[in-house]
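K.L.:
Based on the hints, put chain B in the right spot on chain A.
If you want the building blocks of each chain, they are given just below.
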Amino acid sequence: MSESKNNKKNWPLWEVFVRSKNGLEHRHFGSLHAADAEMALENARDVYTRRNEGVSIWVVESKNITASNPKDNGELFEPASDKVYRHPTFYDLPDEVKHM
Amino acid sequence: MSEKEIKNLEAIFEAKIARDEKIEPKDWMPEKYRKTHIRQMSQHAHSEIVGMLPEGNWITRAPSLRRKVALLAKVQDEAGHGLYLYSATETLGISREELYEQLHSGKAKYSSIFNYPTITWADIGAIGWLVDGAAIINQVPLCSTSFGPYARAMVRVCKEESFHQRQGYEIMLTLANGTPEQKEMAQDALNRWWWPSLMMFGPTDDMSTHTEQSMKWKLKRKTNDELRQQFIDQTVPQANILGLSIPDPDLKWNEERGHYDFGPINWDEFWQVVKGHGPCNKERLQTRVDAWEEGEWVRDAAMAYAEKKAERKVKQAG
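Going down the list, the protein sequences come from chains A and B.
First residue of the first sequence? That's 1 in UniProt numbering, and the numbers climb one at a time after it.
First residue of the second sequence? That's 1 in UniProt numbering, and the numbers climb one at a time after it.
Quick caveat, the hints were computed from the structure, so don't treat them as lab data.
Nothing here was measured: the structure is a model prediction, and the numbers come from that model.
Please note: incorrect hints may appear among the correct ones.
[Said to hold, decoys possible] With a Cα cut of at most 30 Å, we get these calculated BS3-like pairs of lysine-lysine: (1) K309/B with K9/A; (2) K315/B with K8/A; (3) K8/A with K109/B; (4) K313/B with K8/A; (5) K35/B with K282/B; (6) K71/A with K22/B; (7) K32/B with K63/A; (8) K63/A with K313/B; (9) K26/B with K63/A; (10) K26/B with K71/A; (11) K71/A with K16/B; (12) K83/A with K26/B; (13) K71/A with K7/B; (14) K308/B with K8/A; (15) K9/A with K107/B; (16) K83/A with K22/B; (17) K4/B with K71/A; (18) K9/A with K26/B; (19) K315/B with K63/A; (20) K282/B with K8/A; (21) K35/B with K218/B; (22) K16/B with K83/A; (23) K8/A with K35/B; (24) K22/B with K63/A; (25) K32/B with K71/A; (26) K71/A with K35/B; (27) K218/B with K71/A; (28) K35/B with K9/A.
Only chain A is shown next, with the shape it has when bound in the complex (with noise of 0.2 Å):
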């Protein structure tokens, strides 16, 4: 239900994404409603960063990211746990072969 009895737009729903210092990605810190993104960035900045936790904000409206469903997981990440051959422990080196 996106739009309220009177048939009005409400504020969208937006994303949040937070880079709490270089060198660490951005991380989703939660969601939020706002009419625009530029009022979307500075709720964000209102709502999730009210002690420095960040120093770079990404906001992204909600219905723009498409999620994949935990019913597939199966078909979807199962393939990858049979293939033990892509870590380093499945090949066998003797023990005179140090740090490798």
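P.N.:
Okay, now just chain B, sitting in the frame of chain A:
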């Protein structure tokens, strides 16, 4: 889905929680889990929002600039906490408008403590010390609750709460060490806020209906009575430091139990306030509804402006 399939999914679901795995919004969940979480999380969000009102009452009359900036920051935090919790609740498939509608129509509840008035400045101290103190005890276990978005929101809330309690206690400390009139004001605030604060932990265990299910889903990790006892045990020494006395003639250290014994709580009063007959229920809700309605034109104008800007961008591009 057949009944057997649902039972099977439920068993997998419960086992997941028992293993301390988190549930995320798009995961399958029993309808009751979704409903219970919408109810508890939105009630929690509403409490943060309505909780701004009793304290907002004193912002313009704070006794110094130091107190004023602290109180402003605290009230702003409460707004932030409400917003974290609303957006976490929305991940369960309910819209913000529906949540507000439930609050404004009186269908949804919020913490009864906010239906008591703040008649002196000392009440701001007592709220920070006692009400936020009780809230912290209620909230810390929720940082490891089973629903991911709720747990994450609570981690942020708890980090910010401790400043709230400390600023309240500092107010009480200043008044308690002030003139006799100031000390009396602090004592009076403690007298009025003590019992309602104890009621914040909810009905006694034998009267509480949701405990078993909530324990399983890690919405609760300790019972109401255990949390209440923890609050009393930690608060009595703090009152002693202030030189104030807890308004309970039955309060006494019990060596054998290793806890304080305390007198009977007036549950009649508790249920009266829950049912809407507290000193400020009507006023609080009306203030909230007025704020929402009087802000409508601002929300509309912002939306219209955003749409106009977006249209202009499209035209320029074309």
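K.L.:
Work down the list of hints and note, for each, if the structure agrees.
P.N.:
Checked hints:
1. K309/B with K9/A: holds, 16 Å
2. K315/B with K8/A: holds, 24 Å
3. K8/A with K109/B: Judged against 30 Å, a Cα distance of about 26 Å means the pair holds.
4. K313/B with K8/A: Given pair K313/B, K8/A holds - Cα atoms ~23 Å apart, limit 30 Å.
5. K35/B with K282/B: holds, 27 Å
6. K71/A with K22/B: Holds, at about 16 Å.
7. K32/B with K63/A: Roughly 27 Å separates the two Cα atoms, so the pair holds.
8. K63/A with K313/B: holds, 20 Å
9. K26/B with K63/A: Roughly 15 Å between the alpha carbons, so the hint for K26/B and K63/A holds.
10. K26/B with K71/A: With a Cα-Cα distance of about 9 Å, the restraint between K26/B and K71/A holds, given a limit of 30 Å.
11. K71/A with K16/B: It holds: about 15 Å lies between the C-alpha atoms, which stays within 30 Å.
12. K83/A with K26/B: With a Cα-Cα distance of about 27 Å, the restraint between K83/A and K26/B holds, given a limit of 30 Å.
13. K71/A with K7/B: holds, 17 Å
14. K308/B with K8/A: Distance ~16 Å between K308/B and K8/A Cα, so the pair holds.
15. K9/A with K107/B: holds, 24 Å
16. K83/A with K22/B: At roughly 26 Å apart (the allowed maximum being 30 Å), K22/B and K83/A satisfy the hint.
17. K4/B with K71/A: Measuring from Cα to Cα gives roughly 18 Å; hence the hint holds.
18. K9/A with K26/B: holds, 26 Å
19. K315/B with K63/A: holds, 23 Å
20. K282/B with K8/A: Distance ~28 Å between K282/B and K8/A Cα, so the pair holds.
21. K35/B with K218/B: Holds, at about 15 Å.
22. K16/B with K83/A: holds, 25 Å
23. K8/A with K35/B: Distance ~27 Å between K8/A and K35/B Cα, so the pair holds.
24. K22/B with K63/A: Given pair K22/B, K63/A holds - Cα atoms ~24 Å apart, limit 30 Å.
25. K32/B with K71/A: OK: K32/B and K71/A at ~20 Å, within 30 Å.
26. K71/A with K35/B: Between K71/A and K35/B the Cα gap is close to 21 Å, so the pair holds against 30 Å.
27. K218/B with K71/A: holds, 24 Å
28. K35/B with K9/A: holds, 26 Å
Comparing the model with each earlier hint shows no violations; every hint is respected.
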